[in-house]
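Visitor: Read off the chains here:
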Amino acid sequence: MAYAYLFKYIIIGDTGVGKSCLLLQFTDKRFQPVHDLTIGVEFGARMITIDGKQIKLQIWDTAGQESFRSITRSYYRGAAGALLVYDITRRDTFNHLTTWLEDARQHSNSNMVIMLIGNKSDLESRREVKKEEGEAFAREHGLIFMETSAKTASNVEEAFINTAKEIYEKIQEGVFDINNEANGIKIGPQHPTTSSILTSGQGGQQAGGGCC
Amino acid sequence: MFGRSRSWVGGQGKAKNIHSLDHLKYMYHVLTKNTTVTDHNRNLLVETIRSITEILIWGDQNDSSVFDFFLEKNMFAFFLNILRQKSGRYVCVQLLQTLNILFENISHETSLYYLLSNNHVNSIIVHKFDFSDEEIMAYYISFLKTLSLKLNNHTVHFFYNEHTNDFALYTEAIKFFNHPESMVRIAVRTITLNVYKVSLDNQHMLHYIRDKTAVPYFSNLVWFIGSHVIELDKCVQTDEEHKNRGKLSGLVAEHLDHLHYLNDILIINCEFLNDVLTDHLLNRLFLPLYVYSLVSPETSEERRINPQVSLYLLSQVFLIIHYQPLVNQLADVILNGDLSVFTPQTDVHKNMQPSAGGVRRFVKPPESLERSLELSRHRGRKRTQKRPNYKNLGEDEDDERAVGGSGGSGGGLEEGWDDDSCREREKGKGTEGIGGAGGSSKGSRASGETAEEIEMVVMEKCKVSELTEQNITDEEKTAAATRTHTQKSRPFLDMVYSALDCTDDDYHALFVLCLLYAVSHSKGINRDLLERLQLPVPEQERSSYSQVLVERLIRVMNQAAQPDGKVRLATLELSCLLLKQSVLSGNQCIIKDVHLACLEGAREESLHLLRRFYKGEEIFLDMFEDEYRSMTSKPLNVEYLMMDASILLPPTGTPLTGIDFVKRLPCGDVEKTRRAIRVFFMLRSLSLQLQSEPETQLPLTRPEDLIKTDDVLDLNNSDLIACMVVSKDGGQAQRFLAVDVYQMSLVEPETKRLGWGVVKFAGLLQDMQVSGVEDDSRALNIVIHKPSSNPHAKPLPILQANFIFADHIRCIIAKQRLAKGRIQARRMKMQRIAALLDLPVQPSATEVLGFGQTANASPSGLPFRFYEQSRRAPNDPTANRSVFASVDKVPGFAVAHCVSQHSPSPLSSPSPPSSGSGSTGRCDSVTASTISAQSPTDDGAFLEHTPPSSSGGEGDGGGGEVTPVSSAPSTPALAPSLTPASQPTISLLTDNNADSLSVESLTLLPPADSAHLHPCASHTAVAQSLQRPDASIAEEEEEEEKREEESPTDETDATVREETTETTELATPTDDTTEDTPTDPLQERDDDTHTDTIDSPELD
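Protein chains in written order, with this note's numbering: chain W, -17 to 194; chain D, -6 to 1093.
The following block holds chain W by itself, in its conformation from the complex (with noise of 0.2 Å):
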């Protein structure tokens, strides 16, 4: 329960791109990902450590609701963090990025951080979209570049956590408006006694626990 704050991510991309494995990759590492069973959710949360303090992820995947377009609108708003997903073997995942990103910047706070992830790269062999182009795109549009595996694991935690540290580093510098729930960012209640103790019981059920 106890956490300096709460980041509020949202996943977005075509449908397809291994989002919501992605972040029950990331919130949940009981679901070890085997290879003939995919399993996806919608909503996850975990507790992640920066900087000494406790740091609660609250990741809102959009899957479903492009139809309404009030929804997506909200959903952007919402977050303080985006990552935006496409499939490194479906070129036209990679095509749609621009539409995506124009989305979002349109209807996001401008500090938004958004961090582009090429998924599935364990799919070498498959590969349409090289690393470079994901790497230009990022730097074209001043995002932060990452290439991820749901099934392997590879770079889930790096990207989850690196967007985290990002957002940490503009509440740090004063970007972020932290009282202004609208942007994604609530500040924990402040029990510093509790925290530790609750944050163990948090980690056994969240992080899977990871500690045994």
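Since the hints were made in silico from the structure, they are not lab data.
Keep in mind it's a predicted model, so treat the numbers as computed, not measured.
Don't be surprised by glycine CBs; every beta carbon is placed ideally from N, CA and C.
Take the hints with a grain of salt, since some may be wrong.
Unchecked claim - Restraint ranges, calculated between C-beta atoms of paired labels, are given here:
(1) W:T31 with D:H22: 37 to 45 Å
(2) W:E140 with D:R82: 23 to 31 Å
(3) D:T689 with W:E117: 39 to 47 Å
(4) D:D497 with W:P171: 47 to 55 Å
(5) W:T31 with D:H156: 52 to 60 Å
(6) D:L193 with W:E140: 13 to 21 Å
With the hints as your guide, set chain D onto chain W.
Guide: Okay, now just chain D, sitting in the frame of chain W:
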């Protein structure tokens, strides 16, 4: 991992496939052994539940027997059992996550049916979780959302029970419609939209939704939106210092979210629902709160919102919602209606009969949503045939209280609403209004045409007798009063038009323009309605336009062109947009000459305004081009503009607010200059478009005129310098450097034709930076930046490389040539700007001056001229020669073009003294001093070139245009003796001059200016409109000249006076002062020659 290992150990003691029926059986076993949740088995249970999820999904994809087993053993019941034990958050969250994952990942319909059967899911939905826990709340609402995404014609029966009138998924979800957590609210909206979409095909469900939930939900939603609006208004009123921008923009975004949500509901196009929603929106929110606030006097009612806020919000409504029955009625009231719409006698507006209360009022719903849902559910069970809704429920329960009107009756039941004061007021009004809003509403409803089933029930209970004369509210009184003392029947429209006045500020005007734009672009508004009022309908043939509007628009433009105009750029751009829309019918412009003349007057004013800011400084050119770029690359998007909360606050000038430049007033000299440039561009382009003239002078650099990569050039006799280009990433290439008028290019030899080259890179000289390389005297570092248009992207240089030459001599030559070329390219563009502003063009003056200065450096000019000439030499004779001809001709051609267009400017450059008055005088002297300062360097070139140019000019009329051209590119010719160091001094000098000038202009000139400008301008406009009501557009130019020639005498005096004051003012070298006076006559003489020579080819 922990759980997994346990399950392996706990299994049959050996590692076995966890994805199997056997494993599920084992899990079942664990569940049966642990029916009670304790601290001890909590972890085990959580892991068991989790594993079951995994197996089920695996089974869905691989083995259907898993589902059979799950169903057979009724394992869902275990879940429920665990849930009901209040087993704490840990288990709860796991269960909800499991359910989420299950429903999200199940792909087979049959598996889904299995899971949904037995009504277990509904039991979970209605389970009272601890919603104060944000995580449980989040998982719960996600669960509902996931379910709603699974709704379809088949599955809907698992959720909606028509016999018991239960639809837990929907009713439980909407209870959270005003949850403080935005993500939860969004999820609720998603769920409702998904439900509405499915309800289209399900009559029973539709009836249920409409009869049992629509009124409670929509009335509460409307109240919720309205409360936000009032908060928003408070925020605007109390925030003149722009302290609360974050909160304000949050509230604005919230309002937009709501509108988009409402629009999403409306475009599902479920007529049943839309009727109810439209009624509520119109009669409970838009009319009473937004529209009424347009005219209500400041003191009349506490609850009204500011007119500007209401204009802003209404624009948003029209921009977003296009549902015809709603927006058309709303527009009709604004454009046609009067205050009678707020009185209960609504027989005039039958179709707009408010069903939810006779008087259009923004009132709080009588009870909280949750309560009305509860009540309706019970009632539904008792007597399903009655189809109750929240209104008659209210009456049943509080019959005695119904006297207080709909608002009053709600007061007692109020739950969980933050805005108590509103309720109090409402109550008060109820009694004050003599107990009958409710009654009268019913009465009017009875007489109305909205024969909806919902109403039927209510009407049974109507006591028509209550409808008496005495039911007069404050609003009605006001309305009646207004009606009597103003004869106008369109108070709202009057308000809208009168708010277009920008004398003090354009606070309201911007919103009005947006509103008019939005209304005219709305697909839902009847074209007839707009045409009757002659409002601009885009893309429609017509023969007349609204004079009132057009005159007001032009007045806005005129004000924008004033030096101290309070019109923001966004306002001006929008005015231009609306004006175009008004007077352009198809390809024809139907503007009246009077109006066109006024518009031309405004354009002329903007020209004068810009002249005041014109300076010879480098930065002026950059600003000029940058403004043009941003104007063309980012045309105004009204919808985006109306999403910006910052314009809700009173217009401000300071950039410290972070408000976009176009949405605020300029701050400081630079921004004032930028603004003047922009105003000039906009009015120029508007005027050209209305007169269907093409733009020939802007932008200053047209991409099609430039040398591009892969062009093939004839470089015979061109001056080329070989070099090795080492780019930043280490790539190397052997190239030849060639410098053209506007560009530098890197070429490599063409293999087929000797002496020809293929361009490998071309970049604008004006954007280039050259610097030496520290430890290599043969190398230069060259960077060329592309002016960027995307604010998010880091500006990336299009070239960043070291150029290594054969020896340091060549290096210095290259450096000088580039540096000189840069200066020259910029100077030429400045000249073109000057021409555009009808200022005397520099080259002529330069030449004359250079000539006067003479001779010392003349021979030194030669070697570089060589290059320039050779560039040009093939140009003329080879006009018919293939690729090169077309390409290489370009720069020269561009100049020729430009000069020929300059011609009207020297031609009308008698005008500067006359119309430009003080400002022009200043500019002249800038020119003069700049030139005289430069002259030492350029002398040689000028000397070489003046004779041919003048002879050419006199010789043949056609050639006359070309010759100044040829002289122009030659000016960069460098004295090789000239050290690079001398260049900075030059620019320093000019800068100095310019600086001192600008200071002087601030202190000295304005009085003279304003005295001259204002009367002159207004005179101009009047004169034009009077003089030539029928004059054709083509005469415009000549008109101008004539006009300008009319008043040269007194003006020249002014100029001279200016000139002299200035010369004394400036502590420039003695050279300058002596030079200054002779310059002017010379210049003018020169202008005259131009006028003569170029008269014929004047095209525009």
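Visitor: If any of the earlier hints don't hold here, list their numbers in rising order.
Guide: Number 6 - this is the single hint that the structure violates.
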